[in-house]
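Sequences listed follow chains V and A, in order.
So for the first sequence, the working numbering puts the first residue at 50; every next one is plus one.
So for the second sequence, the working numbering puts the first residue at 50; every next one is plus one.
These are calculated hints, taken from the structure and not from any lab test.
Here are some chain V residues pointing at chain A (derived, C-beta under 8 Å):
id, residue
1, Pro53
2, Ala79
3, Val90
4, Asp99
5, Asn103
To give an idea of the interface, some chain A residues facing chain V are shown, with a C-beta separation under 8 Å as derived from the structure:
id, residue
6, Phe80
7, Ile82
8, Ile121
Residues of chain A placed beyond 12 Å of chain V at every Cβ, according to the derived structure:
id, residue
9, Asp165
10, Gly168
11, Lys173
12, Gly199
13, Gly214
14, Ala221
15, Ile239
Keep in mind the model is a prediction, meaning the values are calculated, not measured.
The beta-carbon is built from N, C-alpha and C at its ideal position, and this holds for glycine as well.
There are 2 protein chains.
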Amino acid sequence: MAGPSFYLDALIREFSRLPGIGPKSAARLAFYILKQPMSEVEKLSQTIVDLKKNITFCRKCGGISDTEICSICSDATRDTQTICIVEEARDIITIENSRGFHGLYHVLAGVISPLDGIGPEELKINEFFARCRDEEIKEVIIALNPTIEGDATTLYLARELKPMGIMVMRIAHGLPVGSNLEYADSATIIKSLEGRIIIK
Amino acid sequence: MAGPSFYLDALIREFSRLPGIGPKSAARLAFYILKQPMSEVEKLSQTIVDLKKNITFCRKCGGISDTEICSICSDATRDTQTICIVEEARDIITIENSRGFHGLYHVLAGVISPLDGIGPEELKINEFFARCRDEEIKEVIIALNPTIEGDATTLYLARELKPMGIMVMRIAHGLPVGSNLEYADSATIIKSLEGRIIIK
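Extracted from the complex, chain V is given alone in its bound form (with noise of 0.2 Å):
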């Protein structure tokens, strides 16, 4: 509904848009914009174009980067003889917050989904396998989300690398740490039992 003013009424429209902002916390938003003095408020607005107008895709994982090769890809220090493939590029930056990975990464844009038309042919699995032949890579990590789609894809990749000689590894599915058996549903149970490992 219209409110008093129409420059409030289109911020608060523009904030409701994005992901999980609902119209109350869209008018928290602008009324915290509303009260930021004008050179924060102009640094926030400058940042979101900024972020638009300066990035890219890293032409070998497909990660975002700022450059053609990502600071990942370049990092000499890095692992590279091991990849971890992942559906979408944020799920780099997700892996990097936990500080347990130390190889390379390779960008999927996406699982298998025939019900969505989306065959291997529509994600970035031939360039995975280019790198497969052109890199020397002798371990990959499949970290897909724990889905149908996401465990159909880790299934096809499998298929196609173990005769490269690669070894394949996927991510364990169980019990988050921190959560309690009572409300974990029946699915992530069996799948923390099938996963389950020796104690030494």
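Got chain V; can you put chain A on it based on the hints?
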């Protein structure tokens, strides 16, 4: 921590500073921005700066406005004899959205809070008394937040306004619609009992 893109990190940092936006939401928003067409991103960026550039506060009520006198104060169809007193300009939007009030508003820009060094002089209270002299006000509805400071400010205003022959009311405090007695706190229960009304 530093990710593969300076621009992405910068925007995540900017978004994280907004109220109610944690690092994970900030990352989700930044990736959403990345996927939008440039025209949409420029529109969002421009709308943010436009708000700050163009908005002002109504000289009469202190509410958000694009003009010297806001669209509510200058709306000839509204009841000019009933004034609703609110803490912040954004409270006007909340009440307007409810469509339950058709009078005018006055923004105090805070509440009396001796511990924070905020007395009546720091608020727009004298401005309101001036309005009471200049305008023909019959009823004042005090709609401050139900806090200790809000209640104290309500009592202060009531004491000052009553001698002017103005009917002073405050909004009801009690159980929110759709809520459950079981989950209500004792202070709200007490307010709801105190504020009981006769069922006709």
